[in-house]
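Trainee: As they're listed, the protein sequences go chains A and B. Going by our numbering, the first sequence runs without a break in its numbering and finishes at 463. Going by our numbering, the second sequence runs without a break in its numbering and finishes at 463.
Hints may contain errors.
[As the list claims (entries may be wrong)] Output of the computed footprint for chain A on chain B, the stretches with three or more beta carbons under 8 Å from beta carbons of chain A:
1) 262-276
2) 296-305
3) 383-394
4) 414-421
5) 424-436
No wet-lab data here; the hints were simulated from the structure. Yeah, the Cβ is synthetic: ideal placement off N, Cα and C, and Gly gets one too.
There are 2 protein chains.
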Amino acid sequence: MFMKQRKLVQIIEKLKNIVRSEHVLTSYEERYCYSRDASLYWAMPDVVVRPHTTEEIVEIVKLANKEKIPITPRGAGTNLTGGAIPVKGGIVVDMTGMNRILEINRTNLIAVVEPGVVHEDLEKELAKHGLFWPPDPASTYSCTIGGAIAECAGGMRALKYGTTRDWVLGLEVVLPTGDVIKTGAMTLKNVTGFDLTRLFVGSEGTLGIITKAVLKVRPLPEALLRMSAAFYEIEIAGLAVSKIFETGIVPTIIEIISIECIRAINEWLKLGLPEVDALMVIDLDGTREEVEKLAGKVEKILKDVGAIEIKRATTAKEMEDLYLARRAAYPSTFRAFRKSLTVDDFCVPVNKLPEAFRLAREISKKWRLPMAIIAHAGDGNIHPIWPVDVRYPEEIDRVLKCHTELSHGILKLGGSISAEHGIGILKASLIEEEYGKKAIEVMRAIKRVFDPNDIMNPGKIAL
Amino acid sequence: MFMKQRKLVQIIEKLKNIVRSEHVLTSYEERYCYSRDASLYWAMPDVVVRPHTTEEIVEIVKLANKEKIPITPRGAGTNLTGGAIPVKGGIVVDMTGMNRILEINRTNLIAVVEPGVVHEDLEKELAKHGLFWPPDPASTYSCTIGGAIAECAGGMRALKYGTTRDWVLGLEVVLPTGDVIKTGAMTLKNVTGFDLTRLFVGSEGTLGIITKAVLKVRPLPEALLRMSAAFYEIEIAGLAVSKIFETGIVPTIIEIISIECIRAINEWLKLGLPEVDALMVIDLDGTREEVEKLAGKVEKILKDVGAIEIKRATTAKEMEDLYLARRAAYPSTFRAFRKSLTVDDFCVPVNKLPEAFRLAREISKKWRLPMAIIAHAGDGNIHPIWPVDVRYPEEIDRVLKCHTELSHGILKLGGSISAEHGIGILKASLIEEEYGKKAIEVMRAIKRVFDPNDIMNPGKIAL
């Protein structure tokens with residue numbers, strides 16, 4: 001409880017004048033549900049509110065700004081760095097009520113959505129129109145479009161298509177002062193003044209609340225070809241990525257799953273994956289002729305670098321199984337470790353992948369932490385996964401020490417401390433090491449432009 | 001002359017202590033060369049300086065900031081909205097001396113360049129490595145990468161690949177205070193704090209001087225297929241774009257050239273293009289099989305909507321001629337109108353293209369201005385071209401009135417006043433109509449964060 005009881009009672013009353021009273025959640029049990037996301041952190045909000053219109057959000061934000069109460073916007077709470085944790089209490093704004101798909105326009109190649117739309121729901125709806133939105137975070141089953149935008153989510157297809165920031169054309173945003181602005185445009189191209197759209201994409205809810213988004217969409221490719229390859233050493237799998245690029249091919253996805261994940265997936269889902277050090281999954285999309293041709297070339301490269309069991313998925317079930325394997329990597333590992341997990345996120349230049357894998361294993365071993373690795377390897381994006389029981393501070397402490405040491409190592413390799421999970425709380429102390437003091441000062445000053453009273457998701461990104 | 005003579009002499013002396021004295025240009029003739037870009041505007045700088053290192057730029061900027069002297073960074077001066085015009089005099093910083101390609105890395109799919117590299121030079125160098133950088137502004141022959149980034153240049157291939165902002169991974173920037181920051185990363189994915197990279201992309205030199213850029217590059221596609229189609233009415237050509245998308249195909253480029261351009265090109269280059277209301281040029285890239293297959297589908301659509309003379313370029317010469325036609329549209333029209341041109345830039349949702357063409361013709365007729373149209377039609381991006389003799393204020397005035405009326409009309413169609421040419425001076429008075437007061441206030445406040453003394457390219461974007 002961060003707010004004084006008397007003030008809180010007043011605020012709750014006022015919130016109930018803005019939204020219907022059933023959308024103001026105050027009980028311990030209800031608030032507890034909003035005290036965690038998928039990160040290591042925990043903090044209780046004083047009150048949770050579920051708006052359904054931009055106008056309601058304007059009123060909520062004006063109230064909070066006047067009373068200087070922290071606001072934490074929240075989508076599905078799948079954040080892995082603490083972005084949805086109300087570290088200073090106050091109001092959590094649950095955006096899942098604003099979940100309408102407002103327009104899908106195949107002629108203009110755009111979709112207009114509210115932020116609470118679940119990623120997969122949009123994907124399904126777009127597919128009915130023969131379209132897709134390229135970003136595909138692993139949490140697609142539950143995460144919201146607003147959350148994906150706020151975090152600049154990536155995913156597997158980022159290799160071919162880029163991340164969320166490349167697929168958002170415009171936004172409507174309620175600023176921390178209660179003003180509503182629109183950014184970008186409903187058009188495929190636009191450069192009118194500063195790129196506020198992409199300033200909001202990846203700003204982790206610290207600059208305002210997104211209430212509408214114009215997305216750039218694409219026709220679904222005619223064909224998708226999926227293949228897998230096994231490697232005796234994960235470093236060699238990393239090397240294979242470079243070799244594929246050097247041949248002039250950039251597949252849609254190149255994923256790597258480490259032996260710990262493979263075993264966990266086999267144990268749970270009985271998929272019979274080869275239990276070697278690393279499994280690679282590659283997708284190629286395009287016309288039927290194109291994917292066939294590229295697949296042949298990729299197979300040759302994989303063979304040349306020493307991959308074994310190179311297989312194309314030839315049936316729908318084989319396709320689905322490989323996809324499932326990749327998607328189930330987290331829950332399977334969770335099950336195998338018999339503990340909750342922390343999923344880290346780094347990016348290195350692609351030619352540093354083998355070194356990054358080696359480093360992650362060395363440092364995990366040093367800290368006596370079992371580790372599994374999933375990598376969006378095509379992007380040089382690796383996710384070390386460590387088990388951690390968040391009830392025990394000493395376990396959290398050990399994971400954080402390992403995480404910090406690996407972060408230093410990744411930066412030394414010329415990498416970045418965050419590819420697609422953001423900074424949140426987890427990486428706030430590291431961002432200055434990547435960018436230096438001045439860049440962070442600039443970010444802080446920009447934060448103050450939007451949010452003079454520091455009410456919007458305070459305590460994140462070292463702001 | 002904006003600066004007092006005595007102060008100017010001191011500044012020139014100090015600049016000569018920073019760069020070699022031959023890189024400080026002070027004569028009227030030399031400065032005159034820097035008083036124009038490709039827009040309607042004109043203003044003389046007090047002095048021009050040509051730095052060759054980041055350190056020199058730091059010193060220049062510190063001097064200017066201390067003395068509160070305006071700085072206008074300049075690439076090749078191809079800007080069409082006045083971005084490179086030193087409207088308040090002061091120092092023009094000519095960036096063309098910093099023109100080294102620092103790294104091309106086929107394994108990591110990146111290139112690192114200095115900002116003065118000419119766009120086409122980079123293209124040629126990348127091609128030697130089997131790579132390309134997708135943005136392709138029409139000024140590729142002369143424009144610099146730094147200028148393309150500062151303006152968020154687009155071009156023809158933006159339809160398939162997006163604009164400059166989608167292909168810049170990181171920057172080194174000298175801020176107006178003389179501090180040097182780096183943004184983004186050397187990696188393909190990155191989300192660490194606010195997206196300062198894309199805040200600089202398209203900021204038109206108002207936030208700092210870009211001194212290095214990390215670009216995301218791609219392997220050159222195996223095949224490129226080019227085709228053309230003629231239309232009796234430009235509105236029907238606009239409609240054809242929608243039809244192509246609805247069939248699930250997004251070509252690499254879809255260009256439209258109006259009859260006025262076609263005639264001008266034929267007259268000059270004797271290409272024998274069909275002299276109908278509009279000519280469409282379409283590129284498809286990918287594997288040989290893919291482009292063949294898509295070309296067949298596109299031809300069918302074009303026929304269905306009533307295009308005539310649908311032709312594939314089958315020889316290298318035919319390919320080159322069509323490309324030349326598109327590239328030569330400006331100079332040919334220039335030659336035909338026997339006057340300098342102003343090239344405007346709007347974007348509309350693709351299904352509004354026919355209306356936008358009609359509107360542009362109506363309004364030009366009303367103002368008795370001959371007009372040619374070039375359109376990156378796939379993006380809904382149209383460029384009306386009007387002749388204007390910039391020596392006569394009444395001619396400029398008439399063009400500006402026509403431009404303003406068309407801008408209002410484009411906004412009413414749900415379009416945007418700038419797709420790829422920026423705001424500069426030309427569109428500064430219109431930006432508030434597109435975004436409202438608050439968004440512009442936010443941009444101004446961001447400008448102050450970076451540039452408290454308003455020295456960096458002042459008088460642009462209504463800041």
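Trainee: Hint by hint, note whether the structure agrees.
Mentor: Structure-based check of all given hints:
no., hint, verdict
1, 262-276, "violated (count 0)"
2, 296-305, "violated (count 0)"
3, 383-394, "violated (count 0)"
4, 414-421, "holds (count 8)"
5, 424-436, "holds (count 5)"
Hints 1, 2, 3 from the earlier list are contradicted by this structure; the remaining hints agree with it.
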